[in-house]
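*Asks:* Once you've looked at the hints, dock chain B against the given chain A.
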Amino acid sequence: MSEITTDETPVVRMVNITKHFPGVLANDQVDLTLHRGEVLALLGENGAGKSTLMNMLVGLYQADSGEIYVKGELADINSPQDSMALGIGMIHQEFMLVGNMSVAENIVLGMKDLPFVPPMAEIREKITELSKRYGLQVYPDKIIQDLSVGEQQRVEILKLLYRGADILILDEPTAVLTPGEARDLNEILKKMLAEGKSAIFITHKMDEVMEFSHTVQVLRRGKSVSVCPTKSIKRVQDLANMMVGRDVLFSLERGPYNPGEVKVEVKDLLALPVGGGKPVLDNISFSIRGGEIFGIAGVAGNGQQQLTEAITGLLKVNGGTIYLNGKDMTNKTPLQIIKTGVSHIPADRGRMGVVGDMSVGDNLSMKKYRTVELSAHNIIKRGLVRKFADRLIELFTIKTPNQDTSVKFLSGGNIQKTILAREIDSCGGILVAVYPSRGLDVGATEAVRQNLIKQRDKGCAVLLVSEELEELLMVADKIAVMFEGRIMDIIDAKDAKTEELGMLMAGVERRDI
Amino acid sequence: MKFRLEKRDYRSTRMAVLVPVVSLLVSFVLGAIVLLISDANPFQAYAAMIKGAFGSQTKLQYTLVKSIPLLLCGLAVGIAFRLKFWNIGAEGQYVGGVIGITWVMQFWTFLPTALLLPVGMVVGILFGALWGGIPGVLKAQWSVDETLTTLMMNYIIIGFAEYLYFNAWKAPRGNMGTVLYPKEAWLPRIWGRVHGGIFFALILVGLLWFVLYKTRWGFELNMIGKNKRAAECQGVSIKKNIILAMLLSGAIAGLAGVIDAAAVTHQLTKGVDAGYGFTGIIIAWMSGLNPFISIVVSVIMAALETGSDALQMTMKLPNAMGAVLQGLILIPLLAGNIFIEYRLLVIKTRKEVTA
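Which chain is which? The protein sequence lines are A and B, in order.
Count the first sequence with the working numbering and you get residues 22 to 534, in order.
Count the second sequence with the working numbering and you get residues 13 to 367, in order.
Here chain A stands alone, though its shape is the one from the complex (with noise of 0.2 angstroms):
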């Protein structure tokens, strides 16, 4: 990374910044200075306040109390026009993009001075231009529904050089992304910093932290706990220990590899797309034992969701077979298959595994409400399960007010720690966990991680979907690299070796590495 001048005149200083939500000193006192040409990174727990003192930054949110100067002008932000006025831009992990419009009109949509009819050639010029420059390749009549989720991004950050953004605000940029479009970003983040421009950006990942920046801030409860170059940091143990504010377990405690009988069994599975055309999944077989983590690592969308949401019956497959606890669950409906003793953690937490807007308690008993353990005749018994859900909330250790607060007022960490106490509550034996960890901070990774390494122990033949390799070599005892549909190997964890599990994930044959 380049060398940063730090005696000009910072451009972002926020100075004293205090903000309160119900219940919840959000930020304390924070500091944060930025500098022409540097990239911050941002660090922090789930629940730390970043993304609220970010969102301070950029007019979302007002400050209780501090100040905010850019490029040494006391800043008064009320919304992200202000910022946008100033400079400053953020791309969000949730793209703010119209879907059935195009790359070109996404970028102008709002901006105040655009005539009544836009001027699109003139657009069209000025992004192919820009697009040029910073290396960002996008076609400006493209729509944006077709556009994978890394192009959706180089459309968001060209939205804010489009507008002269010359500040970057980034959350989480790589989360959705794959392994070289993450390289691709970090080149164009180069391009923009050579030119002047800054950037700060809020990441989970240490060793992104390490390669990207120049400066890291940890922010702890509200609280900055920290601030140095990162060419001071000597172990990325240290990073992890600053955020979380303990020691970290970096490898996990687990049981010998000790398999049973096979629990799931997958047959010749195929199953075709809704309009046709190539397999979502082509031929997939393989089988899990109790006591086993049967570990599936691929880029996503090579059709890992497609197998899971066959085998938990959200997905009617065309051909082949599973067999689930000895029984052939094939196309079966989900209640069946759940009733076999399958428990489910779900891709999109906030889509498929829980119900926002009802209660902790609620969302707790949505797989046991059915049983006599928490009902009778049809009835619910709601003082069974009010104990019940109060037991599952000490012994994972959600963090939340009490178990009638909705689970959507919860961080991302406590809502999956939600689903997983209720999914490993229920777990009949076979368990299929679907990116578990995503986006979770370091401290709730661990505990994701430890709890399915527990139910292994215990017995259970568990299915795991990842897209981090390191988190699959660490956990898993067997790894299958799924490319377009189908496996093209299946290897023991402790042969694995990274560079082989990339090459297959890209869609290398096994007989040409």
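It should be emphasised that the hints constitute simulated quantities derived from the structure, not laboratory data.
All C-beta atoms in this analysis are idealised placements derived from N, C-alpha and C, irrespective of residue type, glycine included.
Ranges of calculated distance between the beta carbons of each label pair, as one might list FRET restraints:
no., chain 1, residue 1, chain 2, residue 2, range
1, B, 157, A, 397, 35 to 41 angstroms
2, B, 179, A, 138, 53 to 59 angstroms
3, A, 116, B, 37, 38 to 44 angstroms
4, A, 399, B, 120, 32 to 38 angstroms
5, A, 337, B, 336, 48 to 54 angstroms
6, B, 355, A, 397, 39 to 45 angstroms
7, B, 358, A, 46, 18 to 24 angstroms
8, B, 157, A, 88, 50 to 56 angstroms
9, A, 475, B, 219, 40 to 46 angstroms
10, A, 88, B, 51, 56 to 62 angstroms
*Replies:* For chain B alone, kept in the frame of chain A given last:
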């Protein structure tokens, strides 16, 4: 000074109560403007309406009689709305109920008179359930948009009802309307004009509350309404529940029609599509889908209707005023709901602070 909305960290229960109440008041203010335009004194007009709705025993009875079908339609619509199934066809399901009971009363002469009422009620309820069930099946099986189907089904059945009371089932004398039901088969009155239907409505309120809040099925409906995909992942059948909920919703709307026909009109005739099904939508929204609160809301809605009849008589204003007010409630209510999850912030810009 600027205003902006910020998301709350909790659902505000205070706002959940306040918004419907304030909406009602705002609608009266808006209504006052309409009244002023019509050259009427709003205070006098509202006084006349209140007097017209509650001013004497008879008037109170009229209001209560009107509130019974309104309450039932509100409950019917509310069940579907729990699933975010937008049943705007309660009107048609109501008419279905009236056709059902009329069919039994007029043509099932083989039945002993004592059985006409119970059998007629059951058949009417089934007709309502059928009329609600069809859009349910269409939605569950082929994802056909329910707002269109339920709305269109209204026109079909209202047209069919017209054919029946103008032609096929018309009483020999007069130019429209079926033969009056046998007097012995009428639903008896219990207090002045107030009839036994009020028991059905109140018992149903309790029953529905129990089913929706205490049973496994109620829990499943709640899950589906709030996150369909998550419910599916938990093994809840979306298709089955949409159909069941729509059968029940249609059945209750049908019951509303059955009761009003058996106790008030005693025949199928013009005016059978009195708009109860549509007003039920407002009732369901205003009550926050809570059966008990629906009771209060439906009495208010009924009072607006009976009150505006009085308006017509005493102040020579069109009785459409009641419908205007009913409609006006919905606008501030829908607009105000945002304050349950968001708070309004007043921001002083720096200039004002330093000045």
